[in-house]
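> Sequence:
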Amino acid sequence: MDSAEGLLEMRSDCLRTEAMTVNVKIESKTRALACCAGCRRSISERFLMRVNGCSWHEQCVRCAACRQPLRNTCYCRDTKLYCKVHYQQ
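Going by the numbering used here, the sequence shown opens with residue 25, and the numbers climb by one from there.
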């Protein structure tokens, strides 16, 4: 392993919602396992997503109402993620 072991490589995008700004980070993780906010299982994959301060498996970032994957934008209400259509309901 190189000297960068244990450091997180991250790419961040800022997604805007009507209620708040949601920060999404994709992190390359080499240390302790994180717990997914969606399924509550450990994240053992090399990459994880950080949405609104919580860690997620990429496949768990879905709308709480319709279960569609949230790829480009997401909206947060009461700690749940929504697509634009369901957030506005």
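Think of the hints as simulated: they come from the structure by calculation, not from any bench. Please read these numbers as outputs of a predicted model, since none were measured by experiment. Any given hint could be a false lead.
[To be verified] Okay, the calculated beta carbon distance ranges per label pair:
#1 Leu57 x Val109: 12 to 22 angstroms
#2 Lys108 x Cys78: 27 to 37 angstroms
#3 Gln112 x Ser68: 11 to 21 angstroms
#4 Gln112 x Leu57: 31 to 41 angstroms
#5 Ser68 x Gln113: 16 to 26 angstroms
#6 Arg64 x Ala89: 16 to 26 angstroms
#7 Thr103 x Phe71: 20 to 30 angstroms
#8 Glu82 x Asp102: 14 to 24 angstroms
#9 Arg70 x Gln113: 29 to 39 angstroms
#10 Cys63 x Asp102: 12 to 22 angstroms
#11 Arg91 x Glu69: 14 to 24 angstroms
All residues carry an ideal CB built from backbone N, CA and C; glycine is no exception.
> Hint by hint, say whether it matches the structure.
Okay, the hints, checked on the actual structure:
Between Leu57 and Val109 the beta carbons are some 34 angstroms apart, a value that contradicts the proposed interval 12 to 22 angstroms. Checked against the hint of 27 to 37 angstroms, the C-beta distance between Lys108 and Cys78 comes to roughly 20 angstroms, which is inconsistent with it. Range check, Gln112 to Ser68: about 35 angstroms between beta-carbon atoms, so the 11 to 21 angstroms window is missed. Checked against the given bound of 31 to 41 angstroms, the beta carbons of Gln112 and Leu57, roughly 35 angstroms apart, stay inside it.
One distance hint, 16 to 26 angstroms for the beta-carbon pair Ser68 and Gln113, is violated here, with the actual separation near 35 angstroms. Checked against the hint of 16 to 26 angstroms, the C-beta distance between Arg64 and Ala89 comes to roughly 19 angstroms, which is consistent with it. The hinted window of 20 to 30 angstroms between Thr103 and Phe71 holds, with their beta carbons roughly 22 angstroms apart. Restraint check, Glu82 to Asp102: a C-beta distance of roughly 22 angstroms satisfies the suggested window 14 to 24 angstroms.
Between Arg70 and Gln113 the beta carbons are some 36 angstroms apart, a value that agrees with the proposed interval 29 to 39 angstroms. For the hinted restraint 12 to 22 angstroms between Cys63 and Asp102, the CB-CB distance of approximately 18 angstroms keeps it satisfied. For Arg91 paired with Glu69, a C-beta distance near 20 angstroms keeps the hint of 14 to 24 angstroms intact.
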